[in-house]
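Number of protein chains: 4
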Amino acid sequence: MQTFSWSIRVYYEDTDAGGVVYHSKYMNFFERARTEWLRSRGFDQSALVEAYSVVFAVRRMTIEFIKPARLDDQLTVTVEPGRIGGARLQLRQTLERNSNAPQRQQLAAADVEVACLDARQFAPVRIPAAIKEKL
Amino acid sequence: MQTFSWSIRVYYEDTDAGGVVYHSKYMNFFERARTEWLRSRGFDQSALVEAYSVVFAVRRMTIEFIKPARLDDQLTVTVEPGRIGGARLQLRQTLERNSNAPQRQQLAAADVEVACLDARQFAPVRIPAAIKEKL
Amino acid sequence: MQTFSWSIRVYYEDTDAGGVVYHSKYMNFFERARTEWLRSRGFDQSALVEAYSVVFAVRRMTIEFIKPARLDDQLTVTVEPGRIGGARLQLRQTLERNSNAPQRQQLAAADVEVACLDARQFAPVRIPAAIKEKL
Amino acid sequence: MQTFSWSIRVYYEDTDAGGVVYHSKYMNFFERARTEWLRSRGFDQSALVEAYSVVFAVRRMTIEFIKPARLDDQLTVTVEPGRIGGARLQLRQTLERNSNAPQRQQLAAADVEVACLDARQFAPVRIPAAIKEKL
Numbered sequence: 001m002q003t004f005s006w007s008i009r010v011y012y013e014d015t016d017a018g019g020v021v022y023h024s025k026y027m028n029f030f031e032r033a034r035t036e037w038l039r040s041r042g043f044d045q046s047a048l049v050e051a052y053s054v055v056f057a058v059r060r061m062t063i064e065f066i067k068p069a070r071l072d073d074q075l076t077v078t079v080e081p082g083r084i085g086g087a088r089l090q091l092r093q094t095l096e097r098n099s100n101a102p103q104r105q106q107l108a109a110a111d112v113e114v115a116c117l118d119a120r121q122f123a124p125v126r127i128p129a130a131i132k133e134k135l
Numbered sequence: 001m002q003t004f005s006w007s008i009r010v011y012y013e014d015t016d017a018g019g020v021v022y023h024s025k026y027m028n029f030f031e032r033a034r035t036e037w038l039r040s041r042g043f044d045q046s047a048l049v050e051a052y053s054v055v056f057a058v059r060r061m062t063i064e065f066i067k068p069a070r071l072d073d074q075l076t077v078t079v080e081p082g083r084i085g086g087a088r089l090q091l092r093q094t095l096e097r098n099s100n101a102p103q104r105q106q107l108a109a110a111d112v113e114v115a116c117l118d119a120r121q122f123a124p125v126r127i128p129a130a131i132k133e134k135l
Numbered sequence: 001m002q003t004f005s006w007s008i009r010v011y012y013e014d015t016d017a018g019g020v021v022y023h024s025k026y027m028n029f030f031e032r033a034r035t036e037w038l039r040s041r042g043f044d045q046s047a048l049v050e051a052y053s054v055v056f057a058v059r060r061m062t063i064e065f066i067k068p069a070r071l072d073d074q075l076t077v078t079v080e081p082g083r084i085g086g087a088r089l090q091l092r093q094t095l096e097r098n099s100n101a102p103q104r105q106q107l108a109a110a111d112v113e114v115a116c117l118d119a120r121q122f123a124p125v126r127i128p129a130a131i132k133e134k135l
Numbered sequence: 001m002q003t004f005s006w007s008i009r010v011y012y013e014d015t016d017a018g019g020v021v022y023h024s025k026y027m028n029f030f031e032r033a034r035t036e037w038l039r040s041r042g043f044d045q046s047a048l049v050e051a052y053s054v055v056f057a058v059r060r061m062t063i064e065f066i067k068p069a070r071l072d073d074q075l076t077v078t079v080e081p082g083r084i085g086g087a088r089l090q091l092r093q094t095l096e097r098n099s100n101a102p103q104r105q106q107l108a109a110a111d112v113e114v115a116c117l118d119a120r121q122f123a124p125v126r127i128p129a130a131i132k133e134k135l
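Protein chains in written order, with the numbering used here: chain A, 1 to 135; chain B, 1 to 135; chain C, 1 to 135; chain D, 1 to 135.
It cannot be assumed that every hint is accurate.
Which copy? The list can't say, so a pair holds if one copy fits it or any two copies do.
As the list claims (entries may be wrong) - With a straight-line Cα cutoff of 20 Å, these simulated SDA-like cross-link-like pairs (lysine to any residue) come out: (1) K67 to A119; (2) K132 to N98; (3) K67 to A87; (4) K132 to G85; (5) K134 to A109.
What the hints contain is simulated information worked out from the structure, not anything from laboratory work.
Just need the whole structure built from these sequences, with the hints factored in.
Here it is, written out as structure tokens:
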């Protein structure tokens with residue numbers, strides 16, 4: 001499977017008084033990239049709720065913070081799909097700073113386990129076949 | 001009508017790379033105080049949705065930013081109810097830094113117009129009588 | 001002076017349990033558009049701090065919330081510069097939902113007064129001439 | 001070492017359009033509890049920067065999301081310090097919903113590795129002895 005990439009700019013709202021991006025914002029950036037990856041496969045999340053009554057929710061996440069991102073940085077966030085089970089999905093994600101240097105600098109990396117949940121009860125349900133085959 | 005007060009601590013998540021509280025966070029702080037003011041009158045917002053199918057939403061807000069709040073500051077946010085109409089509510093709010101000085105320092109002030117909306121359609125509806133009489 | 005436009009996508013992080021965009025997030029969206037407007041004039045905010053030791057901070061803001069934005073909406077935020085004084089800047093901003101309809105739907109509008117401040121003391125200072133002439 | 005507890009209320013700002021607390025907000029809640037744990041040991045984070053020129057930053061974090069928290073929930077977040085190394089600190093944290101039931105409901109848990117960093121360069125430095133002995 002291919003790696004999906006999404007570009008994100010850092011604004012004041014993302015930073016903290018330490019002068020760097022506040023650590024939980026990386027989770028938001030990772031989620032924006034997963035949302036755009038789903039959209040690139042044909043699925044808006046709002047449409048998933050309406051059409052299938054499911055939401056994809058993070059069940060477990062390990063984040064490694066390597067170097068801080070800063071105000072005005074242009075970042076690239078990746079999504080690399082791993083194992084897709086009946087009701088779960090494993091993803092590997094990275095966050096890099098764009099630069100003129102030959103190699104992009106990796107700032108963070110995450111292993112993410114996403115569960116398919118009923119949109120009302122938040123109980124685990126099988127990933128609808130129509131979605132699974134496109135992922 | 002009495003002025004209601006609520007205490008708020010500033011955390012890293014509230015600050016930005018300028019070293020001060022990010023400006024939109026004042027709106028969150030003002031909203032926490034309004035929520036606690038409603039709770040002090042007997043109304044949890046989640047219960048308002050279930051019992052009356054209404055939400056209170058900001059329709060118009062003017063905020064004046066006087067001095068910056070900073071990390072670890074202990075703030076006091078006030079709510080002073082003004083005119084209550086059929087479907088709207090006027091409030092005056094202030095945000096002050098607690099200090100050992102004889103007077104608290106005012107950091108921000110807001111005039112807020114809140115509308116009572118149907119929780120599904122977001123169309124204006126009359127404030128339920130049971131709520132209105134307690135406000 | 002010309003009106004500047006910036007496109008913003010709504011993610012889960014921007015919404016609240018009412019099913020719509022949380023009201024203070026409009027302030028973030030307005031700020032992203034001002035930041036990109038400054039960048040389009042040649043000024044990154046992080047460079048402003050380093051080169052001129054100034055920050056632009058909101059001094060006063062009136063926001064009108066007209067209709068709610070929702071998950072997955074594609075929004076257009078505008079910046080229309082008004083009067084530029086010695087140390088202050090007036091701006092008019094709007095937030096619209098993109099749609100296939102002939103007219104875009106206006107969801108919010110704001111009048112913003114921005115002050116030029118010393119980056120350390122947060123005291124008002126004159127807008128540096130090199131910046132002023134490009135705005 | 002003892003477990004430290006901190007109480008947190010869920011507001012609209014913490015929730016998303018799925019009707020539950022947005023997942024990255026748990027990281028904010030965990031950080032508030034760590035901040036208050038440090039404060040209970042005598043250390044404000046703003047004072048740490050001024051007095052010792054150090055910041056504590058999350059280096060690695062694993063979060064398990066067990067059940068969703070919701071609007072108006074009253075939560076208890078715990079901090080249980082683990083191994084303290086020369087420049088790193090291991091912590092175990094949990095997040096529970098308060099209820100009238102005999103047992104509190106665990107909603108999330110995290111293993112956190114915090115690094116002591118120079119406040120300017122964000123390079124690892126030894127935890128100052130005066131801090132280490134109080135933790």
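Now the hints, each set against the structure:
For a Cα distance limit of 20 Å, the shortest separation of K67 from A119 across copies, 13 Å, qualifies, whereas the shortest one inside one copy, 36 Å, does not. Taking the closest pair of Cα atoms, K132 and N98 never come within 20 Å of each other, the shortest separation being 32 Å inside a single copy and 30 Å across copies. Proximity of K67 to A87 under the C-alpha cut-off of 20 Å is restricted to the inter-copy arrangement: shortest distance 16 Å between copies versus 33 Å within a copy. Taking the shortest Cα distances, K132 and G85 sit within 20 Å of each other inside one copy (9 Å), while across copies they are farther apart (45 Å).
Proximity of K134 and A109 under a CA criterion of 20 Å is satisfied in neither setting, with 25 Å inside one chain copy and 32 Å between copies.
Comparing the model with each earlier hint shows violations of hints 2, 5; every other hint is respected.
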